[in-house]
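Engineer: These are the residues of each chain, in order.
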Amino acid sequence: MFISGIGGQGIQLMGKVLALGAIAENLFVQLTGEYGGAMRGGSTVAAVVIGAERLRALPVVSEGGAALLMHDKFVDESVMPKLRPGSLIVAESSIVDLLPDLDGHHVIPFPAKTIALEIGNAQSTGLVLLAAYCAITGLVDVESLVTAMKQVVPSYRRQHVEANEKALRAGFEAAPRLAAPVSFEVVA
Amino acid sequence: MALRLMDGSQAIAEAAIAAGLKFYSGYPMSPATDLLEQMASRLPQAGGVCINAETEIGGVNMALGAAVTGFRAASGSCGQGLALMQEAIAEAALNETPLVIFNMARNQQDYFQATRGGGWGDYRTITLAPKDVPEAVELTQLLFHLTDKYRVPGILLGDNLIARTQVGVNVAPIDFGALPAKDWALDGTMGGTGKSRSIFTFAYGKHNEPGLGPTYHWRKIAEKFETIAAEEVRWEEGDCDDAEIVVTAFGTGGKFVEFVARQLRAEGVKIGWFRPITLWPFPGAALEKATARARKVLVFELNAGQMIDDVRLNVADRHKVQAIGGISFDASGLNLGPYMNAPVLRRRIEAAIAGQPLPDVAHAQGEH
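Sequences listed follow chains W and E, in order.
Counting from 1 along the first sequence, just add 246 to a position and that's the residue number in the numbering used here.
Counting from 1 along the second sequence, just add 6 to a position and that's the residue number in the numbering used here.
Keep in mind that a hint or two might mislead.
Simulated restraints, written as ranges between beta carbons of each label pair [stated by the list, open to error]:
#, chain 1, residue 1, chain 2, residue 2, range
1, W, Pro355, E, Asp181, 50 to 56 Å
2, E, Gly332, W, Asp343, 37 to 43 Å
3, W, Ala426, E, Arg240, 39 to 45 Å
4, W, Ala298, E, Ala370, 35 to 41 Å
5, E, Ala228, W, Val399, 54 to 60 Å
6, E, Gly26, W, Val399, 31 to 37 Å
7, E, Asp181, W, Leu363, 53 to 59 Å
8, W, Phe320, E, Pro349, 18 to 24 Å
9, E, Ser36, W, Lys319, 24 to 30 Å
10, E, Val275, W, Gly384, 34 to 40 Å
11, E, Ala272, W, Val342, 35 to 41 Å
Which bits of chain E does chain W cover? Going by a derived footprint, with three or more residues having C-beta under 8 Å, they are [said to hold, decoys possible]:
#, segment
12, 169–183
13, 259–269
Partial selection, computed: residues in chain W whose CB lies under 8 Å from chain E [as the list claims (entries may be wrong)]:
#, residue
14, Phe274
15, Leu277
16, Thr278
17, Arg302
18, Leu304
19, Pro305
These are computed hints drawn from the structure, not numbers from a lab.
No experiment lies behind these values; they were computed from the predicted model shown.
In this text, a Cβ means the ideal position worked out from N, Cα and C, and glycines have one as well.
Extracted from the complex, chain E is given alone in its bound form (with noise of 0.2 Å):
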């Protein structure tokens, strides 16, 4: 097995297009910038097409439009950009149509928008928020294949570490089994061969024909997040069994926390760590277990608070959870900060644990 090194942002473009990958059309802003970049030189040599939209809602709708012919499509952006794709997303989820959005995000403060969405209706987002670049390569096909498996948007949560970190890697097209056949797909045949397809949010129906109706429409779809929430959960854990302490962080965090947890077992401290990989179906009943004979549930999350909540809400005593993360920027503003670093955190996870204040570090102010 030969590797290439890649950093993340090409590997993600890889894998995007050994999965399929026909269509993307994004809009820069960094660090999701190098991924489009990727897609601009790599997809055309694979048969597709790449487009730098002229914003990020035009590059979703496109990306939308391309998904609803039955080719794989895919849009992205870093947070703010996936901010403005929201109607879009929420447009894919409701009137069914498989599309993939890339976050590299510049921190971890996506958590709500991914997960909790922005756009109207009953719909969630499939989340996977990959904790390095091997791990990407196989999520961003897996993404491909739900996306498909149950006609809905998907985003691949990344940030800055993933996209610019170089390792080598092995992209391979993995087999997730067969697919339904997308008779839905619009396929430009309009008017006399029976073919063409009318997508429509509503299926209301029409006199002649009616449709499932409002209530039933809406019924039809949450059923089918349902279903997504009941079958499609993913997670990492690690020495939870008899752990007092268990540590959980998505995505790069996740790596993080798992290197630190295993320093501390191997000093003899009663440590697990647990990792979502599905942020959207929450790994509930999973954290449930892990931290049952639990002590403390420390989060660890760059941000103000947001995967807490989802701990808060399946953990089964709340108060043993605490956040040991915060906001933590680099002085660019665009990158993780110093929280995101091995030893920051074994402090962090001490004081916890010694039920002391948590250590803060330097960061920088105002340079650019």
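The following block holds chain W by itself, in its conformation from the complex (with noise of 0.2 Å):
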């Protein structure tokens, strides 16, 4: 799966939240990420496979099946092109109109930046929209998800902690749980 936004909005933060969280679940992770020269606003894509056996994805991911999308800006290219028919795509409820291509795609709008603002940190809206999706698909416990955001938080971030696992636990809440249950391909 692909979680997309601009630069700066915690994309490659939510991708190792949810290695790490697939991992503390004995699953099996490829973690990658492709963004430019540390630039604000850029593209920005964290390409997460995940699997119940040892996994034989390739590093430079080319096709999935889900996608969590936090901006419309770069999807057309980095990543609508790579979803298989059928794809699911969780993506914030504010620019669900402005995503290309959605047609065959199982779309579930997610008001996540609405979440985060009501507890009052807009900023983690990207932890708000991860733990729905795991919501979703039921893919990685929202236990396992705060468990790993703490591991990733560096030490002079600590203040943080606390407010990103409130997003983590209201989006998991919010969530309409189990609306598109995971399902592991088997590749031949």
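Join these two chains into a complex; the hints should help.
Structural biologist: Structure representation (structure tokens):
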């Protein structure tokens, strides 16, 4: 699956939290990031491959079955052409109308930004959306996400741990649980 | 078996430490910098020393000095840095010092540099090219074993994708069997104990203690490399028995080739894949056998054509051999380019099978 947005939204953090959360649940994981030279507003994609068995995934992920979208910019090139028909797209509600090429996919808009603002931390929108995706798919439990987030946040950003945890729990709670349960595909 | 999420640089550092690495000295250069950073943070915790040297030349020679004392030592950089290290690598080969060098290369243009070497004298360099992070963990440990076993330098040839892809891996020490005692090592005792050793490239001896002399010293070194070539060949292959098309590639490229070949095989194409794990010694006899019935032998490498020389040397009919790779960088120049992508590779294989011109993809120009 692909997590996509623009530089500064915490896309790579979302990828890392998901990967560590999945590892904690004894799943096999590959995480690769595609982003330019540390530029705010630039294209940033995290490709996360998760499986129940040892992965055969390539480190350049050319195809996927799910996307978690934080911004409409760049996705026409970086994500949409790589999605198989019938992919699950969980997108921040405010950008859904701007997204290209949604035909044939299962799109679930989620008001992550609104929830993040309600709990008083707009910066945590990405984590709200990530937790919602995990609730919708049943991929990783919220407790594993919280543990993973604590591993990722560096010591000099400890003050954000509490707000991040709140964001993960709020997103997980508000999402339609198992609306699109995950199934691992077996590649030949 | 608990897996830990690590990028390749971290996993290789952990594997080296599991193998008993005690000294690392390198010089930063992307994408090899991550490995140096990992060594800097982890080696001291494991009772070792990591030095960010003033140059690649300083770094590799410090590692050579450390290795002479019998400790496992390594240096590393990317291709350009390896070029600067060639003299020390040759010296390690000729004075019989185990030395591990990590080349986290920017592309696949270092095949010649690794397998032919740039130093002087009759020597070769064991070169292991992992296809992914879990294999890098295994081959890193194997390389320390082989370099100790034969008292030679060895190179682990990786790339940006191996250095930076994060996967769940388990790094556990691997037992490759017993090794001869390092009775040649300098142990710091000088004059009187009789344990000090002079390690000297030329075993020319002295008047009262004649050595092997130049001819027999160099013959002994050459015989050792012949032994390695005979006994340490490693490769991986699949579906070659009835294959009309065999595709070869090394390192990360081998993983992509295997993936696409399996896809095509599932669709009924009689295709096989062959990946040298040791680039030197090159698995020539195995490749000859694997390609015996093939109509075409395709070589996928992201360079202007380097491994293809070894393929042509070993495939019975060299006219069957065709390059399907090419130079392909990303816009930064630090990473493999758009050819290293399954759909692109697939189109190139299909075109080669059909005898059509290879389709290209757009490469970014002038971006920074």
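Engineer: So the hint says 35 to 41 Å: do the beta-carbon atoms of E:Ala272 and W:Val342 match that?
Structural biologist: Between E:Ala272 and W:Val342, where Cβ atoms are some 36 Å apart, the hint holds.
Engineer: So is the segment 169–183 of chain E in contact with chain W by the C-beta rule, three or more residues under 8 Å, or is the coverage claim wrong?
Structural biologist: holds (count 5)
Engineer: Does the hinted range 54 to 60 Å hold for E:Ala228 and W:Val399 at CB?
Structural biologist: Holds, since E:Ala228 and W:Val399 (Cβ atoms, about 56 Å apart) stay within the stated range.
Engineer: Taking 8 Å as the limit, does the beta-carbon of W:Thr278 come near enough to a beta-carbon in chain E?
Structural biologist: Check passed: Cβ of W:Thr278 comes within 5 Å of chain E, closer than 8 Å.
Engineer: At the C-beta level, are E:Ser36 and W:Lys319 separated by a distance inside 24 to 30 Å?
Structural biologist: holds, 27 Å
Engineer: Holds or violated: the 31 to 37 Å window for the beta-carbon distance between E:Gly26 and W:Val399?
Structural biologist: holds, 34 Å
Engineer: Take a look at whether the Cβ-Cβ distance between W:Ala298 and E:Ala370 falls inside 35 to 41 Å.
Structural biologist: holds, 37 Å
Engineer: Can you verify the interface hint for W:Arg302: is its Cβ closer than 8 Å to any Cβ in chain E?
Structural biologist: holds, 7 Å
Engineer: Go ahead and decide if the range 53 to 59 Å is satisfied by the Cβ distance of E:Asp181 to W:Leu363.
Structural biologist: Holds, since E:Asp181 and W:Leu363 (Cβ atoms, about 56 Å apart) stay within the stated range.
Engineer: For the hint 37 to 43 Å, verify it against the beta carbon of E:Gly332 and that of W:Asp343.
Structural biologist: Taking Cβ atoms as reference, E:Gly332 and W:Asp343 lie about 42 Å apart, which means the hint holds.
Engineer: Taking the closest Cβ pair, is W:Pro305 under 8 Å from chain E?
Structural biologist: holds, 4 Å
Engineer: Does the hinted range 39 to 45 Å hold for W:Ala426 and E:Arg240 at CB?
Structural biologist: holds, 44 Å
The structure shown violates none of the earlier numbered hints.
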